[in-house]
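Protein chains in written order, with my numbering: chain Y, 3 to 328; chain R, 3 to 225.
For the record, the hints were derived by calculation from the structure and aren't laboratory data. Only a predicted model underlies this, so the values are computations on that prediction, with no experimental measurement involved. Fair warning: there could be bad hints in the mix.
To be verified - Here's a subset of chain R near chain Y, in silico, CB distances under 7 Å, partners left out:
| id | residue |
| --- | --- |
| 1 | E116 |
| 2 | D123 |
| 3 | A124 |
| 4 | M128 |
| 5 | G129 |
| 6 | T131 |
| 7 | V136 |
| 8 | G147 |
| 9 | L204 |
| 10 | G207 |
In this text, a Cβ means the ideal position worked out from N, Cα and C, and glycines have one as well.
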Amino acid sequence: MNLLEVERLNRAFGGQTALHDISFNVGKGQRLGIIGRSGAGKSTLLRCLSGLDRPQSGKILLEGEDMATLPEARLVVLRRRIGLVFQHFNLLTSRTVAANVALPLEIAGMPKALRSKRVAELLELVGLADHASKYPAMLSGGQKQRIGIARALAAHPALLLCDEATSALDPETTESILALLADINQVLGLTIVFITHEMDVVRRLAQQVLVLEKGRIVARGTPADILDANQMAAILPPNLSQTPQDGSHAIVRLTVGTQALCAPLLHTLEQQCQARFALLHTLPSPEGDGQVDVVVQADGLSVSTMNALQAHACAAEVIGYVPAHS
Amino acid sequence: MSRLILDLLWRATTETLEMVLASGLLAVAGGLPLAVLLVLTSPAGLYPLPLLSRILGGIVDAVRAVPFIILLVLLIPFTRLLVGTALGTTAAIVPLSIAAIPYFARIAEVSLREVDTGLVDAVRAMGGTRWMVVRYVLLPESLPGLISGFTVTLVTLVGASAMAGAIGAGGLGDLAIRYGYQRFNTTVMFGVVAVLVVLVMLLQGAGNFLAQYLRHTRPERRV
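Construct all of the structure, not just a fragment, from the sequences and the given hints.
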């Protein structure tokens, strides 16, 4: 059974649709990223998933219990199964670091002795054991987010929700927080659902991605698929067609190693393939580091040219055709 | 300054302190729950009851609209009913508290509303009840603001208690009017003013220190 099942979720604010027919599943131990621009409905979706807001229709099944229709008193208890990490940390300024981490345990009614043992364990996990008696205002952003994560993990949640958890942090700190989250996922086997507007975060952390646009899921797949589709959509000419016409030029994507860019790549190709190439774009390959996608427009493409290209590059793929005069 | 005047000043000061502290504590006891209720029941609050919120707000504003000197007179029958007399220090605590409760309630309401809603979300998302939100978030997070607001209330009460002195409440106001004004005793007048200035400065200083201490920010950021 899936840990989280969302079925045909709808949420509107005064006639304005925020979420439309959202359905997806998250298996136990998975890492799902939800990406979208601001206003796409990410925050609304996350508020529904964390039980802070209720959808107008649809189901949100967490371990089989429907958060959309559960009575408030039972929902309060079910929320303890979810850990929430915030963009702006939302630590209580009136409590020390240790007391902040202990709060979910206090709420769940854990006895004090057990509580302090668990807090010590969590602070150790996030690497801030020696900051227990400090107040949040004395910590850096990255440290605050580590405390936020420790707090979210405190009551042994079944699901960790992250709301733009790295958006308020600098690139280096982002890196370390993402590493911590990946670590937690692997070591504790904890399911993570996170929303972000940063493609980079999705690429590093997600196993599966949902792309949200105007309250709808417009794409889903692995980060590589989504990245690829996104990047290609941005650079391809608008008059691209899928079938060749008389005298049309082919748009070809070549995946090559980065060292190939140091050689006269297009010149070599032209000599070997008896075709002419115009360079349209180069971009980092979704296949991984050390590889680059080179998008070229080929004039006079034949089967033998394609064979030659495939021999020369790691991969060569015809994306479409454009009329010759363009 | 003669020994007699010093004695008078000392007695008047303790009377003023008694009035201010007693009505200040009653203002918190009545005003803080009222403020929490106003915040919780407001339309965007955790327990929206807009009608109750509007009625409470109306009462608060109505009491605050009455000038204190008029409230003093208006409340004389009520004070008699409660303490048996309308004269003296104890009697003055009644109108002072009734004026201070809505005053502090509004000030406290502002502090409570300034608490970051993200913190409320955080505790609700942890599975906290509304009561836990009040206990773990609203009250502790607004405490520095509440202390500052309490200080402002106390200083206002020092002024109001002097006004109560005009209708026989005792304290520094009474002393200033009877000796300083009616008997043209400038020494007493200046003495009273000096004591009031020192009193207000001490109250404000202590309030500021405590509020800042409770903010738990970096020392270098203290302004």
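Hints versus structure:
1. E116: Violated, because the Cβ-Cβ distance from E116 of chain R to chain Y comes to roughly 12 Å (cut-off 7 Å).
2. D123: With a minimum Cβ separation of about 6 Å from chain Y (threshold 7 Å), the hint on D123 of chain R holds.
3. A124: Hint on A124 of chain R: holds, closest Cβ of chain Y at ~4 Å, below 7 Å.
4. M128: 4 Å, holds
5. G129: 4 Å, holds
6. T131: Since the shortest Cβ distance to chain Y is 6 Å, the answer is holds.
7. V136: 13 Å, violated
8. G147: This hint is violated: G147 of chain R lies away from chain Y, its Cβ roughly 11 Å from the closest one there, beyond 7 Å.
9. L204: Because about 26 Å separates L204 of chain R from the closest Cβ in chain Y, which is outside the 7 Å limit, the hint is violated.
10. G207: Violated. Min distance 23 Å.
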